[in-house]
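In order, the protein sequence lines correspond to chains A and B.
If you're matching positions, the first sequence starts at 1 in the UniProt record's numbering and goes up one per residue.
If you're matching positions, the second sequence starts at 1 in the UniProt record's numbering and goes up one per residue.
Heads up, some of the hints might be wrong.
Unchecked claim - Some chain A residues judged to face chain B by a derived CB distance under 10 Å, without partners named:
#	residue
1	Glu-61
2	Leu-92
3	Gly-102
4	Gly-103
5	Gly-116
6	Leu-126
7	Phe-139
8	Val-140
9	Glu-148
10	Glu-153
To be verified - Calculated from the model, a selection of chain A residues having no Cβ within reach of chain B, i.e. all distances over 10 Å:
#	residue
11	Glu-50
12	Gly-69
13	Glu-73
14	Gly-77
15	Arg-90
16	Ala-93
17	Ala-107
18	Thr-141
19	Leu-151
20	Arg-152
These are computed hints drawn from the structure, not numbers from a lab.
For every residue, glycine included, the Cβ atom is placed at its ideal position computed from N, Cα and C.
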Amino acid sequence: MRCSRRATGPRVYTMADRETAGNGGKRQATERGQGVTDDRQRSRRRGQGELEALVLSALREADGPATAGWVQERLGGDLAYTTVITILTRLLAKGAVTRERGGRSFAWLPASDEAGLAAHRMRRVLDGERDREAVLASFVTGLGPEDERLLRELLDRPEAD
Amino acid sequence: MGVFVFLPLVLPLTAWPVARLAEQHLHPRTATRLLTGVAAVMAVCSTVCLGLLMVVGTAQLPGNPLPDGWSDPEVRAAVPHDEIAGRAAIPALCVVALLCARTLWRHRRVRRRAHRALAGLPGTEVAVLPDGVPYAYALPGGRRDRIVVSTALLDCLEPAERRALFAHERAHLAARHHRHLLAVQLAARANPFLRPLRTAVAYTAERWADEEAARTVGSRRTVARAIGRAALVSRAAPHAALASFAGLAFFTGLASFAAPGPVPRRVTALLGPAPTVRRWPSVFTTVGLAVWCAAAGTAVSAMSSANSAVTMLVILHAATPL
């Protein structure tokens with residue numbers, strides 16, 4: 001059966017991750033033993049990509065647009081409010097998030113896609129409900145142990161008409 | 001009246017043969033409506049019976065607010081073993097009420113949450129969600145009925161099969177199948193003997209939508225292929241398979257070693273000729289005879305359920321001081 005799966009993961013997140021992982025690894029090889037300042041700088045540099053990913057994933061967990069304050073709280077309050085704003089602005093420049101004015105501040109949305117967000121939320125609904133089948137009429141239900149073989153036989157049968 | 005007062009509680013057992021026969025031999029639309037109706041009538045009768053037993057049971061408890069006449073020996077004589085039955089009916093009725101309330105609440109919650117999940121999307125009828133798990137659902141209610149499909153499922157289907165999928169889900173929405181499903185689910189909560197009817201209606205509703213889809217697309221084979229592919233792809237995704245196993249009825253689950261599950265049966269039915277639209281098969285065939293007998297049995301049991309309930313009401317009415 002031909003079936004191409006579309007990748008659905010958060011792309012910006014993975015790119016940021018790969019970038020930082022690559023940088024970190026290279027530097028670790030060349031700069032071993034160069035002192036504390038370098039070490040701190042490295043963690044700060046790595047921090048930028050990581051923070052962007054963190055902020056983005058926090059934003060993805062929100063049910064709709066979220067304020068910077070909400071993101072800050074969501075991340076445990078380790079980051080300063082201005083840092084969150086800075087990161088969000090940087091993400092905006094990269095096109096990874098969008099914002100809309102809500103009152104005096106901005107409400108932020110992951111730009112990746114509304115559909116991706118909806119899919120995420122829908123999955124949470126589907127996974128969270130044990131007997132959702134009773135509510136949502138599903139296209140197909142599960143197959144029993146013998147059903148798969150039977151089904152393949154049925155579908156492979158030559159067309160009668 | 002004697003033991004007949006307990007009849008409505010056990011008579012749903014007689015609906016089992018009619019469920020099996022209707023599922024296999026009637027047009028899915030007729031079968032769905034018939035079985036839903038039978039289940040609803042029997043569930044109401046059984047609950048009324050429980051309620052009456054509870055009244056007799058609580059009337060003899062000291063300090064109850066019910067009329068004293070209800071605990072007269074004459075009333076109690078109408079119910080054999082009234083002390084045990086009456087008291088057992090109290091927790092039973094409470095359990096039924098609780099289960100039904102929980103079912104309704106869950107139903108509303110799933111629908112509300114699912115609609116909220118789609119809130120950010122444009123308000124089209126079909127919502128395509130980028131998800132690696134294959135699924136497709138008909139989501140009734142909200143601002144408008146919607147069809148939710150994941151890209152993983154769409155990617156596996158050919159254009160004609162996708163049309164079949166959408167036609168199937170639209171048929172669910174147009175015929176308001178969720179009401180049938182909710183009704184039989186509540187019935188199964190009210191009396192556990194009605195569970196096979198729930199399984200049967202879940203199956204016939206799918207068959208009904210399949211037939212509608214086949215009519216819309218114009219090819220039974222295309223619908224059969226769409227169902228088969230979707231089922232096989234869902235099987236490959238352990239996540240989805242696990243989830244739907246839990247939802248898949250318990251009774252078909254137990255019987256699945258012997259009999260094929262609902263999906264192969266749907267595909268087989270679609271690969272065969274279209275079901276006749278005629279409402280009832282002739283009495284002179286074996287199948288027809290069986291269907292008619294089972295239907296008559298169900299009607300009789302529903303009527304005697306109602307009869308017992310009415311008799312109890314009359315007795316209580318007579319015993320009530322004005």
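Here is how each hint holds up against the structure:
{"no.": "1", "hint": "Glu-61", "result": "13 Å, violated"}
{"no.": "2", "hint": "Leu-92", "result": "18 Å, violated"}
{"no.": "3", "hint": "Gly-102", "result": "15 Å, violated"}
{"no.": "4", "hint": "Gly-103", "result": "19 Å, violated"}
{"no.": "5", "hint": "Gly-116", "result": "5 Å, holds"}
{"no.": "6", "hint": "Leu-126", "result": "7 Å, holds"}
{"no.": "7", "hint": "Phe-139", "result": "4 Å, holds"}
{"no.": "8", "hint": "Val-140", "result": "4 Å, holds"}
{"no.": "9", "hint": "Glu-148", "result": "6 Å, holds"}
{"no.": "10", "hint": "Glu-153", "result": "9 Å, holds"}
{"no.": "11", "hint": "Glu-50", "result": "25 Å, holds"}
{"no.": "12", "hint": "Gly-69", "result": "21 Å, holds"}
{"no.": "13", "hint": "Glu-73", "result": "22 Å, holds"}
{"no.": "14", "hint": "Gly-77", "result": "27 Å, holds"}
{"no.": "15", "hint": "Arg-90", "result": "24 Å, holds"}
{"no.": "16", "hint": "Ala-93", "result": "23 Å, holds"}
{"no.": "17", "hint": "Ala-107", "result": "12 Å, holds"}
{"no.": "18", "hint": "Thr-141", "result": "5 Å, violated"}
{"no.": "19", "hint": "Leu-151", "result": "5 Å, violated"}
{"no.": "20", "hint": "Arg-152", "result": "7 Å, violated"}
Hint compliance for this structure: hints 1, 2, 3, 4, 18, 19, 20 are not met, and every other hint is.
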